[in-house]
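**Q** Numbered according to the numbering used here, the sequence shown spans residues 2 to 1093.
Since the hints were made in silico from the structure, they are not lab data. Just so we're clear, the structure is a prediction, and the values are computed from it rather than from any experiment. Virtual Cβ for every residue (Gly too), placed ideally from N, Cα, C. Be a bit skeptical, because a hint or two may be false.
[Stated by the list, open to error] Computed beta-carbon distance windows for the label pairs:
| # | residue 1 | residue 2 | range |
| --- | --- | --- | --- |
| 1 | Gln427 | Gln210 | 37 to 47 Å |
| 2 | Tyr439 | Glu256 | 46 to 56 Å |
| 3 | Lys648 | Asp668 | 21 to 31 Å |
| 4 | Ala211 | Asp320 | 50 to 60 Å |
| 5 | Lys648 | Ala221 | 43 to 53 Å |
| 6 | Gly559 | Ser1035 | 19 to 29 Å |
| 7 | Asn37 | His653 | 42 to 52 Å |
| 8 | Gln723 | Thr803 | 26 to 36 Å |
| 9 | Glu580 | Asp668 | 19 to 29 Å |
[Said to hold, decoys possible] Derived DSS-like pairs: lysine-lysine, alpha-carbon spacing no greater than 30 Å straight-line:
| # | residue 1 | residue 2 |
| --- | --- | --- |
| 10 | Lys1021 | Lys969 |
| 11 | Lys958 | Lys902 |
| 12 | Lys1021 | Lys748 |
| 13 | Lys746 | Lys725 |
| 14 | Lys904 | Lys924 |
| 15 | Lys746 | Lys724 |
| 16 | Lys748 | Lys585 |
| 17 | Lys585 | Lys629 |
| 18 | Lys904 | Lys856 |
| 19 | Lys961 | Lys991 |
| 20 | Lys585 | Lys765 |
| 21 | Lys724 | Lys602 |
| 22 | Lys643 | Lys629 |
| 23 | Lys765 | Lys1009 |
| 24 | Lys748 | Lys725 |
| 25 | Lys725 | Lys765 |
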Amino acid sequence: MPSLQTVFDTCRPRADVLSGATRDEQFVADLARVVNGTAPAEYADAPTFFRHSYATRGMKDLLKAVCSRLTGRGGEIGSIIRLHTQYGGGKTHGLIALVHAARGMKGVPNPGDFVSPGLIPSVPVRVAALDGENSDPTNGLTLEGNLRAFSIWGELAYRLAGAGGYERVRESDRQHVAPGAETIRELFGGQPALILLDEISVYLRKVEQARPGSSNQFAAFVHALFKAVASSPNVALVYTIALGRDNVGQDAYKEENERAAQAMSEAEKVAARSSTQLNPTEEDETADVLRARLFDAVDAAAGEQAIAGYADLWHANHDYLPLEAALPSTRDQFRRTYPFHPETLNVLTEKLSSLSTFHRTRGMLRLLTRTVYWLWKHRPPDTYAIHPHHIDPAFDRIRDEITTKLDQGAYIAALHADVAAVTGDQPALAQQLDDRLYPGRLPITSYLANTVFLHTLAYGDAAKGISPERLKFSVCSPGVEPVFVEQARIQFLADAIYLDDRPGAPMRFMAEPNLNQIIRRHVSDIEDLDVRNELRLRIGHLFGLPRGPFQLALFPPGPYDVPDEVGDGRPYLAVMSYESVTVKSDPTRPPAEVEEIFQYKNSDGRLRELRNNLLFVIVGEREIARMKDITRRRLALAELRKPEHIKNLADHQQRKVNEEFQTSLLDQALAILQCYRHLFYPSHMAMPDTQQPIGHTAIELSSPGDRPGDGQYQIERILHDQKKLLTARDDPDAPTFVRDQTPLKTKGFITTAALRDEFRRAPKLAMLEEDTPLLTCIRQGIEQEVFIYREGDRVWGRTDPTPAIRLNDNEFVYTMAEARRQALWPRSEPLEVRFAAFPGRIRPGESAELTITVKGGTPPYTYACSEPALSAAATDDRTLSARVLPETSTTWQVEVTDGRKQKRAETVVVLVAEPGKDAPPPKPPVRPVDPPPPPPPPTELHAEGPLLEALREIWEKARKAKHARIQKVIIRLYDALAIFKVHGAMATLKDATVNCELEAELQFEGVKEFLVRFHGPIDKANAVKTFLEPQARSASDRRVEAVYTLEFAVGLPLAGDGPESLTTSLTRYGGGEAYVEAHAAAPEPKEESHGK
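Work the whole structure out from these sequences, hints included.
**A** As structure tokens, then:
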């Protein structure tokens, strides 16, 4: 507001103030030194003293009352006066005025401004000024020579009556026993006397320390003194006690002041005379006292304009300020205090005056003299009044006054760090914020920091500090809006190192750093490597729980680091490094690293088989910084909890550190889970911009307490909700769906182990957390006549009891069509054998026909009969007949064995007798004739099943058939992944010539036909396989079949381990379901000759 004048225009400081020439002794009002003539002229010289004094109402009343008593003029006057110093102080100043008045106020040009000249004593007055601060109960106060006083009454005797007076009370002084009233009265010598008692509380504390219990004698002394004074004309006693309202002590000597007041009160009762209470400086006169000492002139009219400007500001911003800012009384107070802002005197009288080291008016003068000098030297343009923030600790003399004179050195660190640094040092926080936020403008942050600091300087925790509203009121001016103060406050509050951080505390500084800043310092010391290691540990713990649904692959750099194997049976969860793989908020394709790992198993381009066994979780790039910050803070808290650090904290800070450290684990876990929120998983619903069957979803924590210590739970929950992950409690996929999405559709049968692996291969299928859904699917398939289950020679269908299904390479699931084709189902009827003879009775010489009829069972059948003509091996014939010509009654026996080794035996009898005669009993059956030997072992051997098992079966059959060598092996494969595995092994064989027949029919979106056929040597097929493999993997549907023919020039010897070595070579990369055909080599001539 340009129309307003600053204090530099409206006020003229005194010359010594303006020049900075004031000396410390000018502020030290030592009553005892004034009495003995050793005080500086500022106090010892009466004209100088009264020239610098403002005649307050209290001072006038005090001088009138005491002078009237000393002179005996003016009517009935009380002999005992108590100076009450509730508000502005000035008691010692009043006592010094009494001393000068008692001595006649010689040389004072205007004594009438203070007291009626007729009341000024004209005869000598004995003066005894007893100052508790100068007392020395331990060593004795030197009076003269070797004469020392150890008690307050010893000094009193000397001041009133010299050495002789002291001798009168020497024993009382030495023994510290109060003298009697009559002894004290003798010391007056019948002359006017003035006794002044100041800083009694200080004396009481000293004597109690020196002579425990002796302070109790003070009450006896006061009783005697009051009685002596009350009974002596022209004798006056003036004493001071620093009590607040209701006679309650408020400063560091609270207890002693209250004890002294009680002693005085009891003495008044004994003396039957009450003291007269006077206040040397009333509250509304403090500003007058200060103005008189600091300024030669203050333009009140110009000041009124400034006050009006403040009032307008307060009214316009009443929502931001305390309620009293809008009251008329506040404006009236400002008129009384101008050029001082009302808050300036409030903080001095209410806060600093509570310190035992702050001597109220004297202390105010010391601070404000330096403040006025500093202000007029720098002249801030917004100084329309002198605010608390103008008491600037950036000025070394103000800083020293606070830290040294007021004994507030505990706050030096807070000053240096937050408020105002010493010139030449790094700027304090407030100065830094002003330079950054308000360059070239008013230092608002320093204003508020200075104000908060002054409000910190108070006795008692409850008195320290200032509310945000009062802070704005204290700092704002016509040049500084409250809203700017609030902005600066918020910034300062966030970064200050020494502000009290306890909940509910007002704004105030502490001697020790606040916890947030201590933590911040430790945070800044945490190395990036420590954060990286901690995050790796915590991420691994969150996503790698040993009993979770997934196996953890932590921070895999490439395909090789994510196994393409079953492992412990759980799907793999690849947690990608937050430093190398990130995702934006709404991705349309997986990161390249995810696509590479999903497609390949290693760096040489070998394709991954178990793609439905792999998940990826990746960080959102916007959440990384918060995750790191919270982790860094947790590490800082852990460091701070170490004994060598935490012992330096306050108790409440130690508790808070421990509490926050405990909660930081939850905070860190939540930050990690909120960061790792992008899940990529196998899906037939691929993302828009990728050819890989990969889907994406974002993980949202349903609540802060949603199992934050278990990262796998969140992934499991999402996949389960989308029906991608099946648990033991879930319904399985439909058996027909499983049939159509697996090799069962083309091959017709599969081992249960291979079927389980299909759930790890095919992205169209669900992922299985446990095997239970698959076992349930197989059982439902049997019940719905979709599947037939086989274990060895046993099969189970719909009408059978539920089998105990196991997942291994020896148990199979068949489609119903394949089971029928292989005659596994419907199951054959039980083997029945009927052995009949027709006719059953013949005459000698006649013949009968024997007939064996087989029903049920499984061909081929083997007949072993006592009639050679009815023996046969491995035949599908169900009926055999032969005519016999027995000479006598005969019994024949037959045993039939079917293809499943079921056996049935029957007998038949043909009786031979003449007509009319009884037939003789039949002969017992002869031993059944073994069937003719089977044909020589076939040169072709067959086996099917997993390649490893099929090859082993071939070698076993060949050796059982006594073959010496295998000339040719034919292997048929129907699964693409198995083909690509076995093809690589075929290409490495050295002892066989390998030819390949390869046919692939693939389906792609937008492609009408994709058909590949190859027939030729294996080395020519390699290029076809390299081309075909990625195409087959990315196809929406596929049919791939291969036939490998291995021919051995000299045959593969069955003796030794050659066949087993070949098996190992062919299955080194794995294998699938296969049909194997082997051709034995023709016997060598030598072997044939030996056979004959």
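**Q** Give a verdict on every hint.
**A** Do the hints match the structure? See the list:
1. Gln427 - Gln210: 37 to 47 Å: holds, 43 Å
2. Tyr439 - Glu256: 46 to 56 Å: holds, 47 Å
3. Lys648 - Asp668: 21 to 31 Å: Given about 25 Å between the Cβ atoms, the range holds.
4. Ala211 - Asp320: 50 to 60 Å: The hint (50 to 60 Å, Cβ to Cβ) holds, given that Ala211 and Asp320 are roughly 58 Å apart.
5. Lys648 - Ala221: 43 to 53 Å: Holds: the Cβ-Cβ distance is about 49 Å, inside 43 to 53 Å.
6. Gly559 - Ser1035: 19 to 29 Å: Given a distance of about 20 Å, which is inside 19 to 29 Å, the answer is holds.
7. Asn37 - His653: 42 to 52 Å: Given range 42 to 52 Å: holds, Cβ gap about 50 Å.
8. Gln723 - Thr803: 26 to 36 Å: holds, 31 Å
9. Glu580 - Asp668: 19 to 29 Å: At roughly 21 Å between Cβ atoms, Asp668 and Glu580 fall inside 19 to 29 Å, so the hint holds.
10. Lys1021 - Lys969: holds, 20 Å
11. Lys958 - Lys902: holds, 18 Å
12. Lys1021 - Lys748: Answer holds: Lys1021 to Lys748 is near 27 Å, not above 30 Å.
13. Lys746 - Lys725: holds, 22 Å
14. Lys904 - Lys924: holds, 24 Å
15. Lys746 - Lys724: holds, 23 Å
16. Lys748 - Lys585: It is violated: about 44 Å lies between the C-alpha atoms, which goes past 30 Å.
17. Lys585 - Lys629: holds, 18 Å
18. Lys904 - Lys856: Status holds; Cα separation ~12 Å.
19. Lys961 - Lys991: holds, 27 Å
20. Lys585 - Lys765: Judged against 30 Å, a Cα distance of about 27 Å means the pair holds.
21. Lys724 - Lys602: holds, 26 Å
22. Lys643 - Lys629: Status holds; Cα separation ~22 Å.
23. Lys765 - Lys1009: holds, 22 Å
24. Lys748 - Lys725: holds, 26 Å
25. Lys725 - Lys765: holds, 9 Å
Against the hints set out earlier in the document, a violation occurs for number 16 only.
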